[in-house]
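Protein chains in written order, with the working numbering: chain A, 1 to 104; chain B, 1 to 282.
Note that these hints are calculated values from the structure, not bench results.
Do not take every clue at face value.
Unchecked claim - Capping the alpha-carbon separation at 25 Å, the derived lysine-lysine pairs in DSS-like fashion look like this:
1) B:K201 - A:K31
2) A:K67 - B:K244
3) B:K201 - B:K257
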Amino acid sequence: MILAEAVRNHQDQLLLEAGRRITEKSIRIFKSWGIRRLTVKYGPEIDAPGEEAGLPRLPADIDVGLKERFSDAGADPLMDAILQAASRQLAARRAKQKPGYGRR
Amino acid sequence: MAAADLKRLIARVEDLPTLPRTVLRITERVNDPRASARDLSRIITDDQVLTARLLKLVNSSFYGFPQRVSTVTGAIVLVGFDAIRNLLLTTSVFDLFPSRRPKGRRHLESLWDHSLGCAIGAKAIGGVLRHEKLEELFVAGLLHDIGKIVEMTFLPDAFASVLDRVARHRVLISAAEAEILGCTHAEIGRLLAQRWNLPAKLITIIEHHHAPAAAGAWAVEASIVHLADILARALSLGYGGDDKVPTLDRSGWELLKLKTSSLDAIMATMLDEFDDIGSSLR
Numbered sequence: 001m002i003l004a005e006a007v008r009n010h011q012d013q014l015l016l017e018a019g020r021r022i023t024e025k026s027i028r029i030f031k032s033w034g035i036r037r038l039t040v041k042y043g044p045e046i047d048a049p050g051e052e053a054g055l056p057r058l059p060a061d062i063d064v065g066l067k068e069r070f071s072d073a074g075a076d077p078l079m080d081a082i083l084q085a086a087s088r089q090l091a092a093r094r095a096k097q098k099p100g101y102g103r104r
Numbered sequence: 001m002a003a004a005d006l007k008r009l010i011a012r013v014e015d016l017p018t019l020p021r022t023v024l025r026i027t028e029r030v031n032d033p034r035a036s037a038r039d040l041s042r043i044i045t046d047d048q049v050l051t052a053r054l055l056k057l058v059n060s061s062f063y064g065f066p067q068r069v070s071t072v073t074g075a076i077v078l079v080g081f082d083a084i085r086n087l088l089l090t091t092s093v094f095d096l097f098p099s100r101r102p103k104g105r106r107h108l109e110s111l112w113d114h115s116l117g118c119a120i121g122a123k124a125i126g127g128v129l130r131h132e133k134l135e136e137l138f139v140a141g142l143l144h145d146i147g148k149i150v151e152m153t154f155l156p157d158a159f160a161s162v163l164d165r166v167a168r169h170r171v172l173i174s175a176a177e178a179e180i181l182g183c184t185h186a187e188i189g190r191l192l193a194q195r196w197n198l199p200a201k202l203i204t205i206i207e208h209h210h211a212p213a214a215a216g217a218w219a220v221e222a223s224i225v226h227l228a229d230i231l232a233r234a235l236s237l238g239y240g241g242d243d244k245v246p247t248l249d250r251s252g253w254e255l256l257k258l259k260t261s262s263l264d265a266i267m268a269t270m271l272d273e274f275d276d277i278g279s280s281l282r
């Protein structure tokens with residue numbers, strides 16, 4: 001699919017310009033910024049895919065803080081990989097710390 | 001910073017704390033090929049606090065020995081001379097920068113926590129890369145931001161202005177330091193490391209932890225600390241002086257030949273070890 005309109009984050013930084021092909025990676029970046037809707041060429045407006053099943057989700061407060069810390073990274077794929085890994089590990093730790101898990 | 005101010009700052013470096021005598025004596029003995037584990041043990045056990053901390057750290061998950069290590073000689077035999085020197089350096093630097101003000105103390109602890117997170121990260125990355133000197137990477141991570149501690153302790157007003165600029169303009173602390181001090185914590189850290197006669201490798205890593213490709217023969221180690229710094233910030237381990245994660249230096253990353261799929265395991269280790277080791281060092 002081809003992007004019909006540029007996608008920007010809440011700080012107005014360009015994430016992907018109009019006319020670029022939408023890949024799984026770009027969808028992950030959009031998701032990390034909370035982008036829920038895209039406009040594509042030659043087709044209807046689509047929703048970004050939902051969360052993958054089975055993975056713990058990061059609480060909203062930590063998630064927002066994490067994305068804020070990465071706000072200068074733009075669409076750098078390496079920084080995106082670090083952001084995604086940090087998100088997964090922080091979510092996993094939070095899940096472990098829930099009462100009854102038995103962690104120290 | 002004007003040249004005169006920088007000179008004044010450098011002059012103040014002369015007032016910086018020196019390492020404890022025990023650590024200096026240990027460093028001398030470690031470099032002596034005739035020294036034995038018993039010789040080192042005698043020096044260490046003269047200092048009860050150092051002895052207790054060393055045994056606590058050797059028994060923490062940092063090493064993960066299956067059996068409890070109860071004697072200093074046993075610890076030396078198990079981990080080796082170089083590692084003992086690094087551990088003692090690690091346990092000593094925390095005491096060198098006391099802050100009298102409650103707010104200053106909180107800042108100081110947050111900065112140390114960030115450094116500790118970076119140290120654990122550097123060791124974890126080194127483990128994935130099968131680096132031979134994991135303790136050295138740990139110490140490099142621990143000391144990489146020592147320049148910020150110097151600013152905070154010896155230039156409290158200027159450091160407050162730096163933090164104010166970070167908050168107002170949402171910039172990285174290095175950018176604010178360059179504006180206000182005319183130099184960054186990396187350069188100030190280098191001055192202190194030179195003052196302490198630390199190995200050239202460590203001095204170079206501290207100086208170039210934001211631009212690791214410039215670290216010459218030690219570019220790999222500087223890149224490891226650079227990445228660990230970024231991962232510690234991403235995981236919010238302590239506070240590095242700003243709320244941003246700097247962009248990874250591409251050439252440093254390529255030097256490491258790491259796969260992004262390793263990042264999860266490295267960060268999981270960092271989170272697991274942070275609380276355990278932190279409590280062993282204080």
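Hint check: K201 (chain B) vs K31 (chain A), CA-CA at most 25 Å. Holds or violated? Between K201 (chain B) and K31 (chain A) the Cα gap is close to 41 Å, so the pair fails against 25 Å, i.e. violated.
Given the hint that K201 (chain B) pairs with K257 (chain B), test it: the Cα-Cα distance must not exceed 25 Å. Judged against 25 Å, a Cα distance of about 21 Å means the pair holds.
Hey, K67 (chain A) versus K244 (chain B), does the alpha-carbon distance stay inside 25 Å? holds, 10 Å
Going through the hint list in order, the structure does not satisfy hint 1, though it satisfies all others.
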